[in-house]
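Below are the chains, spelled out letter by letter.
Number of protein chains: 2
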Amino acid sequence: MTISALQKARAQYQPKLPKSLKGAVKLVEGTATESVADQEDIKDLFPNTYGMPIITFEEGTDAEKFSAVNVGVILSGGQAPGGHNVISGIFDGIKKLNADSKLYGFLGGPGGLVDHDYIEITAEYLEAYRNTGGFDIIGSGRTKLEEEAQFDKGLEILKKLDIKALVVIGGDDSNTNACVLAEYYAAKKAGVQVIGCPKTIDGDLKNEMIETSFGFDTAVKVYAELIGNIQRDANSAKKYWHFIKLMGRSASHIGLEAALQTQPNITLISEEVAEKKQTLDEIVEYMASIVIKRAENGDNFGVALIPEGLIEFIPEMKILIGELNDLLAEGTKTAEIFQGVKRSYRREWVAEKISAESAAVFRSLPSGIANQLTLDRDPHGNVQVSLIETEKLLGEMVKAKLAELAEKGEFKGKFGTQYHFFGYEGRCAAPSNFDADYCYSLGTTASVLIGEGKTGYMSSVRNTTSPAEDWIAGGVPITQMMNMERRHGHMKPVIQKALVELDGAPYKYLLANRDKWATETSYLYPGPIQYWGPSEVCDLTTVTLKLEQEAK
Amino acid sequence: MTISALQKARAQYQPKLPKSLKGAVKLVEGTATESVADQEDIKDLFPNTYGMPIITFEEGTDAEKFSAVNVGVILSGGQAPGGHNVISGIFDGIKKLNADSKLYGFLGGPGGLVDHDYIEITAEYLEAYRNTGGFDIIGSGRTKLEEEAQFDKGLEILKKLDIKALVVIGGDDSNTNACVLAEYYAAKKAGVQVIGCPKTIDGDLKNEMIETSFGFDTAVKVYAELIGNIQRDANSAKKYWHFIKLMGRSASHIGLEAALQTQPNITLISEEVAEKKQTLDEIVEYMASIVIKRAENGDNFGVALIPEGLIEFIPEMKILIGELNDLLAEGTKTAEIFQGVKRSYRREWVAEKISAESAAVFRSLPSGIANQLTLDRDPHGNVQVSLIETEKLLGEMVKAKLAELAEKGEFKGKFGTQYHFFGYEGRCAAPSNFDADYCYSLGTTASVLIGEGKTGYMSSVRNTTSPAEDWIAGGVPITQMMNMERRHGHMKPVIQKALVELDGAPYKYLLANRDKWATETSYLYPGPIQYWGPSEVCDLTTVTLKLEQEAK
Numbered sequence: 001m002t003i004s005a006l007q008k009a010r011a012q013y014q015p016k017l018p019k020s021l022k023g024a025v026k027l028v029e030g031t032a033t034e035s036v037a038d039q040e041d042i043k044d045l046f047p048n049t050y051g052m053p054i055i056t057f058e059e060g061t062d063a064e065k066f067s068a069v070n071v072g073v074i075l076s077g078g079q080a081p082g083g084h085n086v087i088s089g090i091f092d093g094i095k096k097l098n099a100d101s102k103l104y105g106f107l108g109g110p111g112g113l114v115d116h117d118y119i120e121i122t123a124e125y126l127e128a129y130r131n132t133g134g135f136d137i138i139g140s141g142r143t144k145l146e147e148e149a150q151f152d153k154g155l156e157i158l159k160k161l162d163i164k165a166l167v168v169i170g171g172d173d174s175n176t177n178a179c180v181l182a183e184y185y186a187a188k189k190a191g192v193q194v195i196g197c198p199k200t201i202d203g204d205l206k207n208e209m210i211e212t213s214f215g216f217d218t219a220v221k222v223y224a225e226l227i228g229n230i231q232r233d234a235n236s237a238k239k240y241w242h243f244i245k246l247m248g249r250s251a252s253h254i255g256l257e258a259a260l261q262t263q264p265n266i267t268l269i270s271e272e273v274a275e276k277k278q279t280l281d282e283i284v285e286y287m288a289s290i291v292i293k294r295a296e297n298g299d300n301f302g303v304a305l306i307p308e309g310l311i312e313f314i315p316e317m318k319i320l321i322g323e324l325n326d327l328l329a330e331g332t333k334t335a336e337i338f339q340g341v342k343r344s345y346r347r348e349w350v351a352e353k354i355s356a357e358s359a360a361v362f363r364s365l366p367s368g369i370a371n372q373l374t375l376d377r378d379p380h381g382n383v384q385v386s387l388i389e390t391e392k393l394l395g396e397m398v399k400a401k402l403a404e405l406a407e408k409g410e411f412k413g414k415f416g417t418q419y420h421f422f423g424y425e426g427r428c429a430a431p432s433n434f435d436a437d438y439c440y441s442l443g444t445t446a447s448v449l450i451g452e453g454k455t456g457y458m459s460s461v462r463n464t465t466s467p468a469e470d471w472i473a474g475g476v477p478i479t480q481m482m483n484m485e486r487r488h489g490h491m492k493p494v495i496q497k498a499l500v501e502l503d504g505a506p507y508k509y510l511l512a513n514r515d516k517w518a519t520e521t522s523y524l525y526p527g528p529i530q531y532w533g534p535s536e537v538c539d540l541t542t543v544t545l546k547l548e549q550e551a552k
Numbered sequence: 001m002t003i004s005a006l007q008k009a010r011a012q013y014q015p016k017l018p019k020s021l022k023g024a025v026k027l028v029e030g031t032a033t034e035s036v037a038d039q040e041d042i043k044d045l046f047p048n049t050y051g052m053p054i055i056t057f058e059e060g061t062d063a064e065k066f067s068a069v070n071v072g073v074i075l076s077g078g079q080a081p082g083g084h085n086v087i088s089g090i091f092d093g094i095k096k097l098n099a100d101s102k103l104y105g106f107l108g109g110p111g112g113l114v115d116h117d118y119i120e121i122t123a124e125y126l127e128a129y130r131n132t133g134g135f136d137i138i139g140s141g142r143t144k145l146e147e148e149a150q151f152d153k154g155l156e157i158l159k160k161l162d163i164k165a166l167v168v169i170g171g172d173d174s175n176t177n178a179c180v181l182a183e184y185y186a187a188k189k190a191g192v193q194v195i196g197c198p199k200t201i202d203g204d205l206k207n208e209m210i211e212t213s214f215g216f217d218t219a220v221k222v223y224a225e226l227i228g229n230i231q232r233d234a235n236s237a238k239k240y241w242h243f244i245k246l247m248g249r250s251a252s253h254i255g256l257e258a259a260l261q262t263q264p265n266i267t268l269i270s271e272e273v274a275e276k277k278q279t280l281d282e283i284v285e286y287m288a289s290i291v292i293k294r295a296e297n298g299d300n301f302g303v304a305l306i307p308e309g310l311i312e313f314i315p316e317m318k319i320l321i322g323e324l325n326d327l328l329a330e331g332t333k334t335a336e337i338f339q340g341v342k343r344s345y346r347r348e349w350v351a352e353k354i355s356a357e358s359a360a361v362f363r364s365l366p367s368g369i370a371n372q373l374t375l376d377r378d379p380h381g382n383v384q385v386s387l388i389e390t391e392k393l394l395g396e397m398v399k400a401k402l403a404e405l406a407e408k409g410e411f412k413g414k415f416g417t418q419y420h421f422f423g424y425e426g427r428c429a430a431p432s433n434f435d436a437d438y439c440y441s442l443g444t445t446a447s448v449l450i451g452e453g454k455t456g457y458m459s460s461v462r463n464t465t466s467p468a469e470d471w472i473a474g475g476v477p478i479t480q481m482m483n484m485e486r487r488h489g490h491m492k493p494v495i496q497k498a499l500v501e502l503d504g505a506p507y508k509y510l511l512a513n514r515d516k517w518a519t520e521t522s523y524l525y526p527g528p529i530q531y532w533g534p535s536e537v538c539d540l541t542t543v544t545l546k547l548e549q550e551a552k
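Listed in order, the protein sequences are those of chains A and B.
Just so you know, we're using the working numbering here: the first sequence kicks off at 1 and counts up by one.
Just so you know, we're using the working numbering here: the second sequence kicks off at 1 and counts up by one.
Same shape as in the complex, but just chain A (with noise of 0.2 Å):
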């Protein structure tokens, strides 16, 4: 295999390790714990694995003698950098516990668990893999495991191999998924032992316990590296607004980050516009606004930063969302719905059906945006919001305005667009030291708890903005992040997804500053990720971060 000088040069990094990690490790177990909400629910539902204590680890003095361990290791759902360090922490974690100890990986995500799709992870085999990006190395999937009948099938390739622990690494579903697997083993006394990873670029997996999902660092630090750049060419150029839709799902922590390192003129977040329940025509008011001040002082350029999940947070828009969805019904295909109405009148034969509020709404949108909404459907007859060129949507309907308001000489400046979608630059990015390092913990944590004989944690590497030597390493029960929420319908127990919070400090230190950011151009150029070099600039992990725990 031909590797890039890059690859060649970080195959020999040694991920840096918390002190409690690098010799023998002592538990340390805190107090029993409750869910975060909906107690009496989680704890029915999960009787042998509610109400664990923290573990913390700290040095031990004298190492332990264990077993040797079969353990299996999953990939879920979509990739983020460091994937490869997590598994690389296990197989070394439990190597050190025992040098027979064997790892497993199932291929191609959860699924690999059901259908018997494996290889085994030798220490040659993984050699090409360490602080690599990517998920490649066994591949990853979004399967489900949500029904017994697919525990019981996976229950008996672990048999098989004699896997004692599996490691599932995850967001919040996979991890709310994990703890009913550990659940529903233990309840079995199958004596598979189940941990969870935190993983998502998304950011939305966090709380008290869990400082940060791992990839998040990376991929941001990848969209801030371009977002810089772009920002340098309109600042040279001096004839673009580049409006960036930035992946990240519901919540806006990429955005909010990414703004952070880079100081944009405009940054909207999702989690504000629901707050505030501005309308599409409010939010491109803000848009316009901003262009005509930067006209003002003859800047006909500036950079605008758009979360990928916002249109579901505009109430309008999920409104009209539910009544599109609603009309054009399920499995009907467009064809048939449209039948005897003409091209041209289809558009206003699907505005007399809705509301009229929705109705008004849609009547707004450019042309493009209002065919992706109602002929771009998925299977089950929804408008694919993930689609939806939100970037262009907003570009648009400021153009129309700004327009308006040149007719009534109200904007004397030019406003010339780019667009931008980043996320699949971000996923498989190789992963910056701090999550090289994050990770490689966070696998190594997996391994301790595994020998300790514990199930239904979750790897917890926290006090993440001080050196790697200082982080505190443990397990926190996923229970004790758990709640009940309404899922098709259903009341299921989930790990809480973590929005932006409002009255949180990265969220407040952006809106001290993004008035200024606005109309001044106030430029930060991250850019791109370094390995080497001064410690400043190549071990620090995100503003975001940084701004949390200094307001602890």
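You may find that some hints are simply not true.
A pair counts as met if it fits within one copy or between any two copies, since identical chains are not told apart.
Unchecked claim - Straight-line C-alpha distance at most 25 Å; calculated DSS-like pairs for lysine-lysine:
hint	residue 1	residue 2
1	Lys144	Lys414
2	Lys8	Lys516
3	Lys412	Lys239
4	Lys188	Lys492
5	Lys144	Lys238
6	Lys239	Lys144
7	Lys546	Lys16
8	Lys546	Lys8
9	Lys516	Lys239
10	Lys414	Lys401
11	Lys188	Lys159
12	Lys392	Lys293
13	Lys160	Lys102
It is worth saying that the hints were derived from the structure and are not from the lab.
Once you have looked at the hints, place chain B on chain A.
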């Protein structure tokens, strides 16, 4: 001004110089030069600047005494990483000649000279821009310096500021114009020297004496970083084909170099398409064949690189675009052209008015693209080729082709697409060590040529695959790179544009490996540009240059 941690650390970087430029410089003049073609015409047009010798710098022994000199500098055309370092090199160079020398920057490109819009670049002002990307130090612009009236207007301010030399940092056209200006001022005995510097990320300003234009190294490395990350994602998720269009105007140097750095499955080269006179259908056929082969191996994913200028290199598309430009004539509004033509009939209306061959091509295009070809025209009524989303055009046509084959049972795979266009992400990146050093050397070289009273020269720094210490600096007469070409109906002296050579080593290397890369997954992941770390990671330049040098 707040700056990022990287900016802070990077500001300390001292660019490396060839040893000939470190102390006193000795000039070695070669024999008289001739233009690459049309010698008589070029000689007639440039009586004062034709036939000058190539100049090579060597280490000198005794430091000459120079008088103070005032110098002007212009950034012309699109941004390229390293422009600020060219200016730093000029500044430090003329200060080394004489501490009382001054540097003036004309603002917003060549227009700044004509409009007398300038600033003095002081040591203090310059400090914040060393080793940074962008052209924001004085801005750039696309005004062309072609008219004598402009030259005379420029001379007024040059005289007023007592400027003895002007450095034009630009691409092939800007350097052509710099030479015309040098000739004009020389003929007029105006006492103003003009020196050019080779800038463009497109890589199409190169020849025997100019190994590469600055910015190409950095920009392609940014694109290669992103392509590598996307490849890793494709190979992890295994569900998308990513169609990636790359900036680079007519030439495919960027796409070729990016391919050599990343080894994607499909790399289209415009020059090859033109040479083989490929039709759009043949290109689609070729791409579909690779999708099919990979699907047969179970790989329903891949990455395809598409050069920005492709469309115009497909002979039948070039003809179609020409016919559309004639049909949808200059100055006529779309609304007027299509007056009385039903929207749904417009396409057929157009098809009936062009040649049968072009009509066939036009009818085969996806409707979105057909619209772009007929509706989005520039103020002269011409199709705006740069706005055509070639990546989507090809993606949709490949999808249609595969759907046909699937019906016949000849394609059983899946084909999901993601589209990307990379350009603005790389033009203003902070320069790589190579570009930082190369640009600083080009600027320093310009200062030496100025000190020696030269005009009509371009800064030349060669042997660039060796350590900077051993680079060969000097000057090459711009007339030496010229030939006569037809532009807007007239024969003009211009610098030959360097397209990808199909008998050149880089293209031949691609050709020797492309089929293997197509079916095997041989992705390379170059990662982000590194400024610190092992020299083989952070100091080497492009594969193109390496292969070209090795072939010499």
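Status of the hints after comparison with the structure:
1. Lys144 with Lys414: For Lys144 and Lys414, the Cα distance is within 25 Å only across copies (22 Å; inside one copy 49 Å).
2. Lys8 with Lys516: between (44 Å within a copy, 22 Å between copies)
3. Lys412 with Lys239: within (14 Å within a copy, 47 Å between copies)
4. Lys188 with Lys492: Intra 21 Å, inter 86 Å, cutoff 25 Å: intra-copy only.
5. Lys144 with Lys238: between (48 Å within a copy, 18 Å between copies)
6. Lys239 with Lys144: Between copies, since 17 Å is at most 25 Å while 47 Å is not.
7. Lys546 with Lys16: So Lys546 and Lys16 pass the 25 Å test inside one copy only (19 Å; across, 36 Å).
8. Lys546 with Lys8: between (32 Å within a copy, 19 Å between copies)
9. Lys516 with Lys239: Classified as within; 21 Å inside a copy, 43 Å across copies.
10. Lys414 with Lys401: within (13 Å within a copy, 42 Å between copies)
11. Lys188 with Lys159: So Lys188 and Lys159 pass the 25 Å test inside one copy only (13 Å; across, 92 Å).
12. Lys392 with Lys293: within (21 Å within a copy, 35 Å between copies)
13. Lys160 with Lys102: within (13 Å within a copy, 80 Å between copies)
In summary, this structure violates none of the numbered hints.
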